[in-house]
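Visitor: Now for the letters of each chain:
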Amino acid sequence: MKCQHCEKPATFHITELTEEEPQELHLCEDHARDYLSHTEASDADTPPTLAGALAQQLKVGQTAEDLARLDQQTCPVCGITFYEFRNHGRLGCPHDYLAFAEELEPLLLNIHGDTHHTGKTPVHHQPDAIEGMELIRLRREMKEAIEHEEYEKASELRDLIQQLHDGQAPEKD
Amino acid sequence: MNDASGVNPNFDELAKQCGEWLRGSGPESDIVISSRVRLARNLADFPFIRRCTDHDRTAIESSIRGKLRDSEKLADLIYVDVGQLESVDRQFLVERQLISRELADSDGARSVAIDTREQFSLMVNEEDHLRIQLMKSGLDLENAWKQINSIDDAIESCVRYAFDDRLGYLTACPTNVGTGMRVSVMLHLPALVITRQIDKVFRSLQKISLAVRGLYGEGSQAMGDFYQISNQITLGRSEIDLIEQVADVVPVLIEYERRARDFLVSESHKDLHDRVSRAYGILCTAQTISSEETMHLLSSVRMGVNLGLIDDLEIPTVNQLFIDTQPAHLQKIHGSSLDIADRNAERAIYLRRHLRKAKGPDELENN
Numbered sequence: 026m027k028c029q030h031c032e033k034p035a036t037f038h039i040t041e042l043t044e045e046e047p048q049e050l051h052l053c054e055d056h057a058r059d060y061l062s063h064t065e066a067s068d069a070d071t072p073p074t075l076a077g078a079l080a081q082q083l084k085v086g087q088t089a090e091d092l093a094r095l096d097q098q099t100c101p102v103c104g105i106t107f108y109e110f111r112n113h114g115r116l117g118c119p120h121d122y123l124a125f126a127e128e129l130e131p132l133l134l135n136i137h138g139d140t141h142h143t144g145k146t147p148v149h150h151q152p153d154a155i156e157g158m159e160l161i162r163l164r165r166e167m168k169e170a171i172e173h174e175e176y177e178k179a180s181e182l183r184d185l186i187q188q189l190h191d192g193q194a195p196e197k198d
Numbered sequence: 002m003n004d005a006s007g008v009n010p011n012f013d014e015l016a017k018q019c020g021e022w023l024r025g026s027g028p029e030s031d032i033v034i035s036s037r038v039r040l041a042r043n044l045a046d047f048p049f050i051r052r053c054t055d056h057d058r059t060a061i062e063s064s065i066r067g068k069l070r071d072s073e074k075l076a077d078l079i080y081v082d083v084g085q086l087e088s089v090d091r092q093f094l095v096e097r098q099l100i101s102r103e104l105a106d107s108d109g110a111r112s113v114a115i116d117t118r119e120q121f122s123l124m125v126n127e128e129d130h131l132r133i134q135l136m137k138s139g140l141d142l143e144n145a146w147k148q149i150n151s152i153d154d155a156i157e158s159c160v161r162y163a164f165d166d167r168l169g170y171l172t173a174c175p176t177n178v179g180t181g182m183r184v185s186v187m188l189h190l191p192a193l194v195i196t197r198q199i200d201k202v203f204r205s206l207q208k209i210s211l212a213v214r215g216l217y218g219e220g221s222q223a224m225g226d227f228y229q230i231s232n233q234i235t236l237g238r239s240e241i242d243l244i245e246q247v248a249d250v251v252p253v254l255i256e257y258e259r260r261a262r263d264f265l266v267s268e269s270h271k272d273l274h275d276r277v278s279r280a281y282g283i284l285c286t287a288q289t290i291s292s293e294e295t296m297h298l299l300s301s302v303r304m305g306v307n308l309g310l311i312d313d314l315e316i317p318t319v320n321q322l323f324i325d326t327q328p329a330h331l332q333k334i335h336g337s338s339l340d341i342a343d344r345n346a347e348r349a350i351y352l353r354r355h356l357r358k359a360k361g362p363d364e365l366e367n368n
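In order, the protein sequence lines correspond to chains A and B. In the numbering used here, each number is its position in the first sequence, counted from 1, plus 25. In the numbering used here, each number is its position in the second sequence, counted from 1, plus 1.
All the pointers check out, no bait thrown in.
Some chain A residues judged to face chain B by a derived CB distance under 7 Å, without partners named: (1) Leu75; (2) Cys103; (3) Arg115; (4) Cys118; (5) Ile136; (6) His141; (7) Gly144; (8) Lys145; (9) His150; (10) Leu160; (11) Ile161; (12) Lys168.
To be clear about the criterion: a stretch of chain B counts as covered by chain A if any three or more of its residues have a C-beta under 8 Å from a C-beta of chain A, and this derived list gives those stretches: (13) 41 to 55; (14) 159 to 167; (15) 175 to 186; (16) 227 to 241.
Restraint ranges, calculated between C-beta atoms of paired labels, are given here: (17) B/Asp200 to A/Asp139: 28 to 34 Å; (18) A/Tyr108 to B/Gln207: 29 to 35 Å; (19) B/Asp13 to A/Ala89: 55 to 61 Å; (20) B/Ile316 to A/Gln98: 53 to 59 Å; (21) B/Asp200 to A/Lys178: 56 to 62 Å.
Think of the hints as simulated: they come from the structure by calculation, not from any bench. We put the beta carbon where it would ideally sit given N, CA and C, even for glycine.
Generate coordinates for the entire structure from the input sequences, incorporating the hints supplied.
Guide: Shown next, in the form of structure tokens:
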């Protein structure tokens, strides 16, 4: 895809979520920097938005190569790439917070001014439960098996998902 | 739970009543319309909505519906399959603030569970798997939090939430992670708009990380001088701190609005009275009127009633007119679908009828 303002390839894809309609911008590195410095100046008093915080992060000395490498990173559980997150502003599964921890940490700091939860904790929370993640991974594998018409594999995965799912309901008091 | 037949309820009964947020009661209700607390929650064993297959969305929806039906505390809710609704009914729920535009306009399995008082709504498969909302009339954030917290506990006793010790409740968008909580208060600020102080006030709010939105949330216009003030930050502060942050600033805004009203009354009483009376006059006599103009004029009338410049109308009546004249409500009340031109004519008839009824028979003869 070409930059909206010139012939160079668009390496920055920004979705402005604060506008009335989400606005997608596809820019080359130079025009992205121009855009970011402009929005930063005009929004000096406003609290950071997701798009702004993402953009801010990308500004800090990242080259197109750094960005391309970053964009290729994939969550091993749900399969989303960082590129997809950056483009749409939505994560793919709870594990992304771990898979993209290094990139998300400064982003969270920018948006919230903090990186540690201090509020409510679910009563039934089990700190080391991994079944949830395993179920998400299996659901993804099942989807891929169906896409590749591997129906026997899909059926085995479905049974496995059901078994795991039945065994993990939280115990009631 | 009202879903045994799998058929959605029709909303005719709902259309006849005034939702909680427009009841016009509760503390400071001349300026504060409603208080709302919303929690974003996700199930631990499904991907977030963006990576969900149709099958996943259906599984989430039916699992939640089953769990709610079995829960003592939540069994009385009305469960609505949003995907099966006609577009006018989806819009009707948006206008009543029971579902978001995003839920109304998206695809796939999605639903909402609401209570008959319309204080509580639980959206399934919106941006997050669960969006839990509690609304109170007037300024009442503390009770809204108490109620929603106990409902959240009841839901959590039958599902497993995506939660991390360090980051809290994990959400599809990092702007909601942590508490997953958005606290908002809807205010009617016509005098600050007339005296052109509103932008200044909002700039100061943004400096302390509070967001300002229009009547229907993110991206919506501030119709009828209604504004929603809400927290921007969700991580690193407790739920109580977030409630306090919004609750602390509301009295200041109320004071600003009252001062602006006092200023208008003392410095330009004639102009203000004229503005309010003209607005009332147009609403009582127009033959065709848009939703936007209605909101604009009703805003002046509402302030006029609160300042004693109109003495034959009550706030709950004005509040009811705000919602009944919205496009989907008008069509539900009329009983059939109407195009824009017909809606504008029907809206004018509806306003004339209800405002004259409020004035009473003596007034009718005099006018």
